[in-house]
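There are 2 protein chains.
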Amino acid sequence: MEETIKAYIAGFLYGDGSIFFQLVRRKDNRLGYEIRASVCFYQHSAHLQILNWLKEKLGVGYIRDRKNGVCDYNIVGYKNVEKVINILEPYVILKREHIEKAKQIINMMKKTKKPTPENFLKIARLVDEFSALNFSKKKTQTSESVREFFESKGFLTPVTTDVTTKSL
Amino acid sequence: MEETIKAYIAGFLYGDGSIFFQLVRRKDNRLGYEIRASVCFYQHSAHLQILNWLKEKLGVGYIRDRKNGVCDYNIVGYKNVEKVINILEPYVILKREHIEKAKQIINMMKKTKKPTPENFLKIARLVDEFSALNFSKKKTQTSESVREFFESKGFLTPVTTDVTTKSL
Chain A
1262 MEETIKAYIA GFLYGDGSIF FQLVRRKDNR LGYEIRASVC FYQHSAHLQI LNWLKEKLGV
1322 GYIRDRKNGV CDYNIVGYKN VEKVINILEP YVILKREHIE KAKQIINMMK KTKKPTPENF
1382 LKIARLVDEF SALNFSKKKT QTSESVREFF ESKGFLTPVT TDVTTKSL
Chain B
1262 MEETIKAYIA GFLYGDGSIF FQLVRRKDNR LGYEIRASVC FYQHSAHLQI LNWLKEKLGV
1322 GYIRDRKNGV CDYNIVGYKN VEKVINILEP YVILKREHIE KAKQIINMMK KTKKPTPENF
1382 LKIARLVDEF SALNFSKKKT QTSESVREFF ESKGFLTPVT TDVTTKSL
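Residue numbers (the numbering used here), protein chains in the order written: chain A, 1262 to 1429; chain B, 1262 to 1429.
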């Protein structure tokens, strides 16, 4: 793909796209949670063909017509997201901190395929930081929810903050 | 400016920017109307510095902080708009028809510095066509308003559609 097309998509991502990470409750998962990486581009349904063009260029992901006048092109999973970041990174000018943080999270996910609860929580805290960069407000699952869940399951020892009080 | 920066801005324009033309009622103007060409980029006020970066790159226009959480960067006037189009045109991939139509309007404006009412109306009709490309809904002044105004002032002879009726 030509450099200027990659740069165009990088500019497009700034306006009509988003990189994000989610902490998703998964009962079938060893730790009960998964970390989901996504890149998403949004358009009015009238411009669906624009998302088709993007998908053709980036080669991964799927398009949904949400029937509410909006369609989106989703690239889900850290391997696909990493692929897209690798294509666009050299051309991203604004919001570069998103790219850096996303790479940090993805690298930690790659290094720890079977994370311990402690490691998972560490990544979950980076996910919180990433959401703060996005000014995301509709987050229901935070690293705090993960920590509480891990403690309730005995994966982590609860942090007792009232030790001092007790000893008084 | 580097090619990839121009391409990035072209992609950015697709998502967070707009090219538009307006028919503006001007009492001090010979024909009572002016055709205003604009390129505008919009951001949340938190990202004002992004508009500063754009303005530095494009070298024309002004930034307004609208105090309602939105700021915009406006490039007004056909000479400035032409300058920006010339920078971005080679890299625009989507909405190319906007660029073609904008160039057509600007070329007509340049050719006819002191347009006759007939010529002005011709350009005003292209402005209507441009607005249709933008799905613009809040237009109050159309080429039809211009035609009615010109007729009311005697700049144009009213088109009499009832000749046939009269001769019956």
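One thing to keep in mind: the hints can contain errors.
Same chains, same label: a pair holds when it works inside one copy or across any pair of copies.
[Claimed, not checked] Below 25 angstroms or equal to it, Euclidean Cα-Cα: the simulated DSS-like pairs (lysine-lysine) are:
| # | residue 1 | residue 2 |
| --- | --- | --- |
| 1 | 1400 | 1356 |
| 2 | 1316 | 1375 |
| 3 | 1328 | 1356 |
| 4 | 1318 | 1399 |
| 5 | 1318 | 1398 |
| 6 | 1371 | 1344 |
| 7 | 1372 | 1328 |
| 8 | 1316 | 1356 |
What the hints contain is simulated information worked out from the structure, not anything from laboratory work. Since the model is a prediction, treat every value here as computed from it, not as a measurement.
Here is what the structure says about each hint:
no., hint, verdict
1, 1400 to 1356, "within (20 angstroms within a copy, 34 angstroms between copies)"
2, 1316 to 1375, "neither (31 angstroms within a copy, 48 angstroms between copies)"
3, 1328 to 1356, "between (30 angstroms within a copy, 23 angstroms between copies)"
4, 1318 to 1399, "neither (30 angstroms within a copy, 35 angstroms between copies)"
5, 1318 to 1398, "neither (31 angstroms within a copy, 32 angstroms between copies)"
6, 1371 to 1344, "within (13 angstroms within a copy, 47 angstroms between copies)"
7, 1372 to 1328, "neither (39 angstroms within a copy, 46 angstroms between copies)"
8, 1316 to 1356, "both (22 angstroms within a copy, 17 angstroms between copies)"
Of the numbered hints given earlier, the model fails hints 2, 4, 5, 7; all others are met.
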